[in-house]
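S.K.: Each chain, written out:
Protein chains: 2
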Amino acid sequence: MKYKLWYWAEIQGRGEFVRLPMEAAGIAYVDVAREQGSDALVADMQARDRRPPFAPPYLDTGSQVIAQVANILLWLGDRHGLAPEDAATRIWIHEVQLTVTDFVAEVHQVHHPVGTGLYYEDQRPEAARFAEEFREERMPKFLDWFERSVEGEWLAGTRWSYGDTSIFQLVEGLRYMFPRRMAAIEGDYPRLIAIRDRVADLPGIAAYLSSARRIPFNTQGIFRHYPELDAA
Amino acid sequence: MKYKLWYWAEIQGRGEFVRLPMEAAGIAYVDVAREQGSDALVADMQARDRRPPFAPPYLDTGSQVIAQVANILLWLGDRHGLAPEDAATRIWIHEVQLTVTDFVAEVHQVHHPVGTGLYYEDQRPEAARFAEEFREERMPKFLDWFERSVEGEWLAGTRWSYGDTSIFQLVEGLRYMFPRRMAAIEGDYPRLIAIRDRVADLPGIAAYLSSARRIPFNTQGIFRHYPELDAA
Numbered sequence: 451m452k453y454k455l456w457y458w459a460e461i462q463g464r465g466e467f468v469r470l471p472m473e474a475a476g477i478a479y480v481d482v483a484r485e486q487g488s489d490a491l492v493a494d495m496q497a498r499d500r501r502p503p504f505a506p507p508y509l510d511t512g513s514q515v516i517a518q519v520a521n522i523l524l525w526l527g528d529r530h531g532l533a534p535e536d537a538a539t540r541i542w543i544h545e546v547q548l549t550v551t552d553f554v555a556e557v558h559q560v561h562h563p564v565g566t567g568l569y570y571e572d573q574r575p576e577a578a579r580f581a582e583e584f585r586e587e588r589m590p591k592f593l594d595w596f597e598r599s600v601e602g603e604w605l606a607g608t609r610w611s612y613g614d615t616s617i618f619q620l621v622e623g624l625r626y627m628f629p630r631r632m633a634a635i636e637g638d639y640p641r642l643i644a645i646r647d648r649v650a651d652l653p654g655i656a657a658y659l660s661s662a663r664r665i666p667f668n669t670q671g672i673f674r675h676y677p678e679l680d681a682a
Numbered sequence: 451m452k453y454k455l456w457y458w459a460e461i462q463g464r465g466e467f468v469r470l471p472m473e474a475a476g477i478a479y480v481d482v483a484r485e486q487g488s489d490a491l492v493a494d495m496q497a498r499d500r501r502p503p504f505a506p507p508y509l510d511t512g513s514q515v516i517a518q519v520a521n522i523l524l525w526l527g528d529r530h531g532l533a534p535e536d537a538a539t540r541i542w543i544h545e546v547q548l549t550v551t552d553f554v555a556e557v558h559q560v561h562h563p564v565g566t567g568l569y570y571e572d573q574r575p576e577a578a579r580f581a582e583e584f585r586e587e588r589m590p591k592f593l594d595w596f597e598r599s600v601e602g603e604w605l606a607g608t609r610w611s612y613g614d615t616s617i618f619q620l621v622e623g624l625r626y627m628f629p630r631r632m633a634a635i636e637g638d639y640p641r642l643i644a645i646r647d648r649v650a651d652l653p654g655i656a657a658y659l660s661s662a663r664r665i666p667f668n669t670q671g672i673f674r675h676y677p678e679l680d681a682a
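In the order they appear, the protein sequences are chains A and B.
Mapping of the first sequence onto this note's numbering: residues 451 to 682, in sequence order.
Mapping of the second sequence onto this note's numbering: residues 451 to 682, in sequence order.
No lab work stands behind these hints, which were simulated from the structure alone.
Possibly wrong hints are sitting among the right ones.
Same chains, same label: a pair holds when it works inside one copy or across any pair of copies.
With a straight-line cut-off of 25 Å between C-alpha atoms, the simulated DMTMM-like cross-links for lysine to aspartate or glutamate are [what the hints assert, rightly or not]: (1) 591 to 556; (2) 452 to 636; (3) 454 to 494; (4) 591 to 552; (5) 591 to 499.
Next comes chain A alone, as it looks inside the complex (with noise of 0.2 Å):
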């Protein structure tokens, strides 16, 4: 049986981060929301009563349903070699994803810094408050922290891992919410945009940009560009 990947169709979000690894590694998977609409999704959650899923995205193996970007990966990590086979490396590839998390949860306080369930136009004032922190001292504290953590061409060992896909989905994301933010910085992380260009190239990756699978970035997701939030 296929996976079945349950996301929202219209966003990348943090879906991406799933979806991302399957493509690049050729992993057979139906996203399911695609083809069925996200009302199919609502009513998929709804319907779950042992063990539900918080949120999306989340991966119906077909013995398992697992949700939390970090933990399906590190399933998918372990079942498909997406990720390096010393125990301790595992652990650390995990540990970057999870600080991958971290850094998620403060782009989307970006434009929600005062309400989860609000529109980003009912807070633009804080939005903007929060923004200039989050391009002056937040983007560069945890780039600085990824570059360092590259050890090679890739994360980690001699392949591309989960951990990469997921510093190629960061830099697009941070091109596209902060053009001019990361015109002026990206000089400083060589190693990250090296990663970025590696993955791009990959083969299972270039094909799924190229095709229509790719969702365009846009004003529903995680990553968001607003040009008023945005500053060299």
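Got chain A; can you put chain B on it based on the hints?
M.R.: Leaving out everything else, chain B in the frame of chain A:
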């Protein structure tokens, strides 16, 4: 060699989610900064070149250094039997813990909505705005899900896991942070409160809570009591 836990000496914070299962299981560890001061923690972090932690807490096991609360607990769970034997259930408990991580990030956002590097006193109106949504929408949404997730006397399986000690800490933290709100809604969560009580009665936890090792909650940690942010 005893494990070395590195975390701030002055607060429960995120480190408490690691201290609790080690105390419950009687795992020997040195809480280094409690002995040497938080300056020693800062110095240790700065001295780590390879695979540096992004932030505390981190655990030096003697053979590797592991950061990120959920990652530390996953490793301790495997090594010390602090999670159910069944592989699918271990993934599930990790999923619960990662949802605790998400919840704790929002708890932090309550007092730091527009600046992680600013003081609460510099963002009080914004905090009041987010706190209202948090109390009325986010707390019930998360607690409902945790309540639904309880499968018996414990989250899963026939004995406590690190997921249960985390539920204990969530309940205790919310009682300290939002006493009026928790008093109003606690009755909706009998399974979570029962887990809280069972964890408190574990011999290792009872001894810990009555010792000087348990740092009192305070307004430097993650769960902070600001009366103006609380309401029934």
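S.K.: Does each hint hold? Answer for all of them.
M.R.: Hints, one by one, checked against the model:
Proximity of residue 591 to residue 556 under the C-alpha cut-off of 25 Å is found in both arrangements, the shortest distances being 12 Å within a copy and 20 Å between copies. In this assembly of identical chains, residue 452 and residue 636 lie within 25 Å of each other by CA distance neither inside one copy nor across copies; the values are 38 Å within and 42 Å between. With identical chains, the CA atoms of residue 454 and residue 494 are at most 25 Å apart within one copy only, with a shortest distance of 12 Å there and 44 Å across copies. When the C-alpha separation of residue 591 and residue 552 is checked against a cutoff of 25 Å, the pair qualifies both within a copy, at 12 Å, and between copies, at 20 Å.
In this assembly of identical chains, the alpha carbons of residue 591 and residue 499 lie at most 25 Å apart only when taken from different copies (16 Å versus 41 Å within one copy).
Against the hints set out earlier in the document, a violation occurs for number 2 only.
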